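Chemist: Here's the letter readout for the chains.
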Amino acid sequence: MNKLIVSPAPHVHSGNSIRKEMVSVLIALIPAYLVALYYFGVGAIIVSVTSVISCVIFEYLIQKFLIKGENTVSDYSAVLTGLLLSFNLPSNLPVWIVVIGALVAIGVGKMSFGGLGNNPFNPALVGRVFLLISFPVQMTSWPRPMAWNTAYLDAETSATALSALKEHLGNIPSLFDMFVGNMGGSMGEVSALALLLGFVYLLFKRTITWHIPVSILLTVFIMTGIFYLVNPQTYVSPIIHLLSGGLMLGAIFMATDFVTSPMTKTGMTIYGIGIGIITVVIRMFGSYPEGVSFAILIMNAFTPLINTYIKPKRFGEVRKNG
Amino acid sequence: MGGVHPPENKFSAGKKTKIISLPQQVIIPLRHYSGNPSVAEVSRGEIVKVGQLIGRANGFISANVHSSVSGKVSKIDNAMDAFGYKFPAVFIDVIGDDWLDEIDLSPEVKRVCNLEPHEIIKKVAEAGIVGLGGATFPTHVKLSIPQGKKAEVLIINGAECEPYLTCDHQLMLEKGEEIIIGISILMKAIRVKKAIIGIESNKMDAVLNLEKWAKTMEGIEVVPLKVKYPQGSEKQLIQALTGREVPSGALPIEVGAVVQNVATTFAVYEAVQKNKPLIERIITVTGKSVPEPGNYWVRIGTPFTHIIEETGGMPQDTGKVVAGGPMMGRALPSLDLSVAKGTSSILFIPSSESKRGKVFNCIRCAKCVFHCPMGLEPYLLMNQGEKQMWENMEENRVMDCIECGSCSFICPSNRPLVDYIRYGKSTVGTMIRNRKTHKS
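Chains A and B, in that order, give the protein sequences.
Numbering (this note's numbering) for the first sequence: 1 to 322.
Numbering (this note's numbering) for the second sequence: 323 to 762.
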C-alpha cells in the first residue's frame, strides 16, 4: 500500500495563485495599453518594454545577490509593476530615465522591504514620484497624441488638460477626446474608456471590489462639483476632473494594489475618500497640476492604521445592552 | 456574509443506498469524537445481540453505545479514532445476525407517537443518539433546554454543503416520511410549534420529497438555501433560515433555535418508534478515481478496510484518505479504523491533489477577510499565531472561528491560515479556562 498523506483540513484548494491574480490585472490593462500604442506609437512600446524588462531584471538580481532568496520573478508581480510604472510615464521619456525609475520602484519600493507583500508603498508610484521630483522637465513634457505615432524622443509635445488648467492656458480638449484618450498625458492614463473596461474586467474576475475606485471617483466628483457650483468661472466642471490626469488609472489600478490598500470594505472606502480629498486639494491648491500619485502614497501610509481600527462586521456581534 | 464555492463533485448523488455485508469483526468505539467515552458494559467472551447496550454513558456529555452485530466480545482494547488518538473500543467477532426482540424490524412506518416530551428525550438518550452531522454531540443534551431559556423553532440541517458528500441527500430521498415523523417527535420533545428544514438548492429532488411529506404534519416548512459553503454550519444555517445571528460565544438556544441534522432525525424516528438504537448509518464512499461512488448503509464499528474491499478497493492513485468532507474532514494516517457514529464518508483524494501548494508571502488581497463567514481577519490571526500573540488573537475573536477552511481554500498564497487559527484557538481556549478556574 502506498503511504497516505496526512494534513489538516481543508483538503481542497481553489487553485487561486498570486500569478493568476497578477495576470488578471495584466489582462485588465490591455485596453489602455492598446490606446497607448495607438496614440503614442513607438515611444509607448520603447518605454513600456524597457520598464517591464528592467523591473524583472532588477528583481531577479536583487533576489539572487542581495536577498539570496528564492526567485520570485515567476509570480509576475514585477511584470505588473513594470507595466504600471510605464503607464505613469510620458512616452517620450529617455530609456535611461525609465531604467532609473524601474530601479527605484523595484529596489527601493519593493525589495528593500522584503519583496512582494511587505512593501508599505505602491512600488510603481514610488518609482514614478522619484522620477517626477528628480527629472521634472522630462517628466512633464507630454507628447501630443497622434494616430500611429512613429516619433519617440523627438515627438511633438503638448500640455495636459490639468497643466493647461493650472496655467490658465484655456486649450482643454473636448470631453469626448478626454474620454477616449485623445489628449496629452502619461502613456497609460489618457483613456478613461479603456481604463473603465479594465475595471469591469477586474470586477468580473473578482480581483478587486468596487469600493476603492468608486469612493475615490465619487469624492473627487463631489468635491470638485461643489467648487464648480460655487464659482464656475474659476473652477472647471467635475467631469473634466474625472477624465483628466491620472485619476482613472490611479483609482482603478494604482490605489487598488493589494499590498498597500486596506483589508476591509469600510477601510477601503475610508482610504478611497482620503485619496479623493488629497487629490483635489493638490490639484486646486498645490503647486503640482496633478496629485493622484501623492494622494495614493500618502494614504498608503495610513493603511496600517486603518487596518488596526476598522474591523470587519463580526458575525453575532454582541451589542452592549442589545 | 462570506463563504466560498468549492467544486461540488457530488459523484454519488442520487445513487441508491446499498447495504455493506457484515464484516468478520467489528470494532465499536466507546467514544464518538465528543464527550466522555462511555463505560464498557460487557466483558470478554460475552455473547451479545444486535442492539444490546455495550457501553453506558459516563457523565453529562456522553452517549450510550450499542452492539451493531451479534456475536462474541473478543476483547476490549484501545483503537484509533479519526483524530489519530487511541480510545477504548469493543471488539466483537460476528456470529449470525441475531437482533434483540424488542426492536421492531417490520417495514411498516409508525406515524403516531403518544410519548411525553421527557419520555422522548429519555428514549433518545437510551438509544445513544448523537448529532450525525459530524460533531457527534449527544442529542439528548441538545434537547434538554437549559432553565430560563425557551426553544422557539427547531431547525433541521439538510444543507450538506461539503463537496462530495451525498449521504444526507440520499437519506432525504429514501426516508422522507420517517424524517418528517422524526422531526415531529423532536418538535414535541422541545415543545415548539415550528420546524424549518434547510436544504441547499442543488438538491431540489430532496426539497420536493420532504415538502411532500411535510404537508402531512403540522408546522414543518422546507426552505431551499443558496448553494454556498459553509451553508450547513450551525450559526450560518440559523441566520439563513431565521435571520437571527447567534451571539459570539453563545449557543443557538440564545436565539431560540435548536439545530439537528436530518440523519439525526431519522435516528430519532427509529429509536422512538421502532426501539432501534443507533447502530447503523449511511456513509458516502467517493473520490475522483473511485470507479463507482455510492451511498452505503453500514453498521457502526465496521472496519474501513471491509467497506473499501466491498466497494471496489482503494484507487491506485490515492494519496490521501479523508473521513468526512474535503473542507473539514480528517485525513487518516492509516486505514486501520472503523466507522464511528459521526463518520459520514470515506473520500479518496488522488495523490496529485493531496499535497498542499507552496506557501508565499501574504499579498494582503483581503480575500480571506471577504470570504470569512464569521467576519474575522484570518490573515491577521495567522500573523499573530506565528508570533504566539495569544492575547491579540483573543481580542481579534479567534474563538469565533468555526474552522470551515474557507480562508485557506481561497488564499492565492496557499497560506495555512486555518492551521494557525486552530493553534490559536486551542491555546486561547486553555487560557480562558485557566482564567475561569483562578477566578472561582
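Hints are not guaranteed to be accurate.
Under 10 Å between C-beta atoms, here's a sample of chain B residues computed to sit facing chain A [claimed, not checked]:
| # | residue |
| --- | --- |
| 1 | Ile383 |
| 2 | Ser570 |
| 3 | Gly646 |
| 4 | Met650 |
| 5 | Met696 |
| 6 | Asp722 |
| 7 | Glu725 |
Each computed DSS-like pair below joins lysine-lysine, with the alpha-carbon atoms no more than 30 Å apart [as the list claims (entries may be wrong)]:
| # | chain 1 | residue 1 | chain 2 | residue 2 |
| --- | --- | --- | --- | --- |
| 8 | A | Lys20 | B | Lys537 |
| 9 | A | Lys265 | B | Lys610 |
| 10 | A | Lys311 | B | Lys610 |
| 11 | B | Lys747 | A | Lys205 |
| 12 | A | Lys265 | B | Lys747 |
| 13 | B | Lys444 | A | Lys20 |
| 14 | A | Lys20 | B | Lys338 |
| 15 | A | Lys64 | B | Lys610 |
| 16 | B | Lys550 | A | Lys3 |
Derived DEER-like restraints, expressed as beta-carbon distance ranges [as the list claims (entries may be wrong)]:
| # | chain 1 | residue 1 | chain 2 | residue 2 | range |
| --- | --- | --- | --- | --- | --- |
| 17 | A | Lys313 | B | Glu713 | 17 to 27 Å |
| 18 | B | Gln346 | A | Phe204 | 30 to 40 Å |
| 19 | A | Lys313 | B | Gly418 | 40 to 50 Å |
| 20 | A | Tyr60 | B | Lys709 | 48 to 58 Å |
FYI, nobody ran anything at the bench for these hints, they're computed from the structure.
Every value quoted in this text rests on a predicted model; they were computed, and no experiment measured them.
A virtual CB, placed ideally from N, CA and C, is assigned to each residue, including glycine.
Chemist: Now tell me, hint by hint, if it's right for this structure.
Modeler: So, going through the hints one by one against the coordinates:
Because the closest C-beta pair between Ile383/B and chain A is about 23 Å apart, greater than 10 Å, the hint is violated. Checking Ser570/B against chain A by beta carbon gives a least distance of about 5 Å; that is within 10 Å, so the hint holds. The closest approach between the C-beta of Gly646/B and any C-beta of chain A is roughly 8 Å, which is under the 10 Å cut-off, so the hint is satisfied. Because the closest C-beta pair between Met650/B and chain A is about 5 Å apart, less than 10 Å, the hint holds.
Nearest Cβ of chain A to the Cβ of Met696/B: about 4 Å, under the 10 Å cut. The hint holds. Restraint check, Asp722/B versus chain A: the minimum CB separation of about 7 Å is within 10 Å; hint holds. Hint status for Glu725/B relative to chain A: holds, with the closest Cβ pair at about 8 Å, below 10 Å. For the proposed pair Lys20/A and Lys537/B, the alpha carbon gap of about 50 Å is over 30 Å, so the pair is violated.
Our distance criterion of 30 Å between C-alpha atoms is broken by Lys265/A and Lys610/B, whose separation comes to about 38 Å. The suggested pairing of Lys311/A with Lys610/B is violated, with an alpha-carbon distance near 40 Å, which exceeds 30 Å. Restraint check for Lys747/B and Lys205/A: the C-alpha separation of about 33 Å exceeds 30 Å, so the hint is violated. Distance restraint check for Lys265/A and Lys747/B: the Cα-Cα separation of roughly 26 Å lies within the 30 Å cut-off, and the hinted pair is therefore satisfied.
For the given pair, Lys444/B sits about 56 Å from Lys20/A by alpha-carbon distance, which is inconsistent with the 30 Å threshold. Under the criterion of a C-alpha separation no larger than 30 Å, the hint pairing Lys20/A with Lys338/B is inconsistent with the structure, at around 40 Å. At most 30 Å may separate the alpha-carbon atoms for a hinted pair to count; Lys64/A and Lys610/B exceed this at roughly 41 Å. Pair hint Lys550/B plus Lys3/A does not hold up; C-alpha atoms about 33 Å apart against a cutoff of 30 Å.
The hinted window of 17 to 27 Å between Lys313/A and Glu713/B holds, with their beta carbons roughly 23 Å apart. In this structure the supplied range 30 to 40 Å is violated for Gln346/B paired with Phe204/A, their Cβ-Cβ distance being about 58 Å. Against the hinted window of 40 to 50 Å, the Cβ-Cβ separation of Lys313/A and Gly418/B comes to about 59 Å, which falls outside the hint. In this structure the supplied range 48 to 58 Å is violated for Tyr60/A paired with Lys709/B, their Cβ-Cβ distance being about 31 Å.
Going down the numbered hints, you'll see the structure goes against 1, 8, 9, 10, 11, 13, 14, 15, 16, 18, 19, 20, while the others check out.
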